[in-house]
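K.L.:
Given next are the chains, with one letter for each unit.
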Amino acid sequence: MIEIRGLCKRFGRKVVLDGVDLAIPKGKNTVVIGGSGTGKSVLIKCAVGLLRPDAGEILIDGADITKMNEAERVRVRQKFGMLFQGAALFDSLDVGDNVAFALRRLKLYPERQIRDVVEEKLSMVGLRDVQRLMPAELSGGMKKRVGLARAIASEPDILLYDEPTTGLDPIMADVINDLIISLRETLGVTSIAITHDMASACKIADSIAMLYRGKIIEVGTPDEIRATSNPVVAQFVAGRAHGPITDENEEFVRFVRRTHAADEGTRRG
Amino acid sequence: MTEPARRSGAARLAEGLGERVYAMLQDLGDIFTLFLQVVSWIPRPPSEFRNVVKQMEEVGVRSMPVVLVTATFTGMVLALQSYSGFQRFGATSFVGSVVALSITRELGPVFAGLMVSGRVGASMAAELGTMKVTEQIDALVTLATNPVKYLVVPRVLAATVVLPVLVVFADLVGILGGYFVAVYLLGANPYVYIAKTYQYLQMKDIYTGLIKASVFGMLIALISCHHGFIAQGGAEGVGRATTRAVVASSMMVLISDYFMTSFMF
Amino acid sequence: MSREARVGIFVLMGLIVLTYFTFRVSKWGLIADKGYRLTVDFESAAGLEPKSDVKMAGVPIGKVEEIQLAGNRARLVLRIAPKYRIPIDSVASIQTQGLLGEKYVEIVPGKDLQQTLPAGGKVTHTLAPTNLDAMVRKLEGIGDDIKKFTSTLGETFGTEEGKQALADILRDVRATTASLRAVVQGNEKRFDRILVNIDKLSSDLSEISSVNKEDLRVTIANLRSFSETLKSETPALARKLEEMSDRVSGVVGDNRANVKETIENLKVASAKLDNTLDAAGRVMEKIDRGEGTLGMLVNDNTAHNSLTKTLEGINRYVRKTEELKTFIDYHLEWQAQSSDFKHYANLRLQPTADKYYQIGLVDDPRGKLDTNTTTLTTTPPGTTETTTSETYTNKLKFTALIAKRFSGFTVKGGVMESTGGVGLDYEVLKDRLTLGLDAFDFSRKGLPPHLKAYGNYDIVKNLFVTGGVDDVLASERDLRTLFLGIGIKFADEDLKTVLGAVPIKP
Ligand SMILES: Nc1ncnc2c1ncn2[C@@H]1O[C@H](COP(=O)(O)OP(=O)(O)OP(=O)(O)O)[C@@H](O)[C@H]1O
Ligand SMILES: [Mg+2]
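As they're listed, the protein sequences go chains A, B and C.
So the working numbering is basically just the index in the first sequence, starting at one, shifted up by 35.
So the working numbering is basically just the index in the second sequence, starting at one, shifted up by 1400.
So the working numbering is basically just the index in the third sequence, starting at one, shifted up by 4.
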């Protein structure tokens, strides 16, 4: 159970999160959607304690991570697994060592079993015989999947996925969606996933939350979100270029109007 | 140029200088904090033995060629210079002593420190900087690993241990380089040269050199890791961090050398 | 090759090179620990270094191992290669190789080949080192003398007046000899009288000359023999005289050659002067050494011997007091955990370099633990609340230790902070830095022994800083603490003398 209350975070003068309230129920997948640069990655980094929020609280199973000292934070973090947007594989270690990293640090398995465990985790994300490769030898999609394998390797209670399916082909994306669902079903993992892909969001989400202008503006089941009356959410879900989100940016609006007018003009002409 | 414009220029200069000094003090404080963190993490499990060994290879074994070449030529040029200088008052028999004392007490440790600052300082800052900007350091944190313990402790330990070893080699080849020049090129008596080399040399000279080297190693690793850690802004930021690490650690080698010398001798 | 192996080889090779240096560099170099030791005392060992050569007849036979101060003389410990035997009456001296060359100990072997010095023996005969400074000064003096002589000569012969005077003299001599011939032929009696006069004159001259220099004496001697020859060989003499005067005139005419010769003579003279100065120097040394403080004592052996004995007696007495060193120190330690100050004051008596006794006081702000149990009866009645409060109060403790030193290590034991304790110190950097570990209070209730790890560094002779961890093992009750401190210490000279009078048997 993760509960975020009044979370504020800014970088310099730029306010990114401005009072986010969000509850992530235990054993459920919550998908956070929102425009690029709205602060989704910042939100989950705050949740795992990588960024220190300026205000607000983040309760992990009732304990506020923002008020913990370093030792407690370290203990709480062991409940988390995180997939980074850019995979963030350690490029001095090969794939096998990357996936086995937490297993070795926490001594979860004896050394002779580690290779097998790693192979199993890699097969869960659709990879085989890559243990000896270095991250530099992988494609972007492969890196992402190795990153996912590394995040789930220590079987954490809470998983944070930052765009798990971005950069994957549709088939592989669906494999990953199934994996996320099965982790929830079989292990009861609580998770937050960030995605721009509405199809994938609807498939994996128990609930979807939309982040806009530093706040969560709507939370609901995939069906509720699709049927929303909020024009902002509606524009995002439908993926339309015209709407309240784009209108807000005057430059952008003018640019859209101009191309629109030009379209009209060419049509008339 | 008009009066106000000039004044504003001066004001800007002063402001810039103030910022520089402030940034430097902040760096110094951060490096000291990092040092305390390193000390506090060293005894805690898990042991970073394999990482230490890896860094020892990186800092020590791989720095051998550059350190050996530098030290050999330092010894050679020392012999050449002191020979031509001492010839003027007929004290050429002391060339061996001068080479041995200068190399062991001062030039061996300092040149090894400077070479390692350039070679290893740069690579540490670049590696850690890249890890920082590609979120690998964040990833470490989420994988139950303290970045200071996993990244900085092995580097600091390795550099602290390995630099004296490099300096022992530097001492040896520096003395040999001086011997080569004095005996084969300048025609010094080899027996006298060796006798003089070891006559005025004391273990204290060698040990203090090694202690210095140890401190240099620690400082280089701490400073380079610090600049790697605070890198931001992609490849350019990593480049900047690298430059700063090399400049700061080379300067620190020379500055700390002065103070250690004045304390120890 | 695995990474571990590479690193291992790297470090191992470093250690091997370091070991090589240790062997080459440390006290012994070539002869290593082989060989036997001898000691020898000198007035001064200036310029001599450990590892300087010891030579006999110019052949290196060992090295100087240590240079210490024994009383007020320099004591050298020599390490002689085992195959060399040194006669018991050999003489040691400190010599210099070349003008800027380094110093070495030269042993001039004695005659007594039957008796040689045993290991640990002492070379009793020494020659004071020919000090470069003293020699340069002597040379300078001689140079000055020569300059004075030559300038006088120059004045005499250089001026026109001088030349004229010489020419006149020579003319007179020639005239005299011419008339002499006539006189001799005519009047023998008168001649005899003249000869007597000349004889008298020459003896007068001789008297005068005794004040003067050698060459003058030679001239006078010549003059005397001249007058004697004149007496016995009168007829041939006139001719000879004439020849001689001719020769003299030629010689003086060539002024320069004459000066050259004079200078040659002066050189010989100055060499002799040097010898004289040497002799004077030796006398001075004798006087310095107290072998004969006064001129009349120099030859009087009995007086001399008794004086030496007296001096030795005084020396022994003084040395006794010199060896007992007394130190007083006081320092305070700021304890980081509690922000309290702990004070220490110690008196250390050190009868020999490897042993000391120490007594002291410690004012410990957390020396005494009071446990207060208060029972409060609160509302509603019947419920009680017991609070235990632990407070620390000041306590004065005392220390009494015996310590013994083995090279760099000092082991100590006795009473530490009013409980039994032991400790180990390691001294480095010429004893300026002391690293130590004290363990005491082994029977604390519920706590491990009190372990204190510390380092002291002498900034200057009388001021030191300290720091470390106190109560390392006690993780509970915030007892373990970092500490930093500063202190002063004195080796009290006055106190030393006073205590020196009291016999203390170590
Ligand atoms: N370390 C940082 N320093 C300064 N600004 C930052 C930092 N991290 C994020 N930001 C700013 O915060 C804002 C939100 O960033 P964030 O990465 O959370 O976006 P996002 O919602 O994940 O976007 P995307 O969907 O493109 O990943 C961005 O405008 C970014 O400029
Ligand atoms: Mg993002």
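Keep in mind the hints are simulated off the structure, nothing from the lab.
A portion of the hints provided could be inaccurate.
[What the hints assert, rightly or not] Result set (DSS-like, lysine-lysine): computed pairs, CA atoms no more than 30 Å apart in a straight line:
1. B:1604 with C:399
2. C:115 with B:1604
3. B:1604 with C:401
4. C:465 with B:1604
[Said to hold, decoys possible] Residues from chain B that keep clear of chain C, each with C-beta distances beyond 10 Å, as calculated:
5. 1469
6. 1481
7. 1522
8. 1533
9. 1538
A virtual CB, placed ideally from N, CA and C, is assigned to each residue, including glycine.
K.L.:
Among the hints numbered above, which are violated by the structure, and what are their numbers in rising order?
P.N.:
Hints 1, 2, 3 are the ones this structure does not satisfy, whereas the remaining hints hold.
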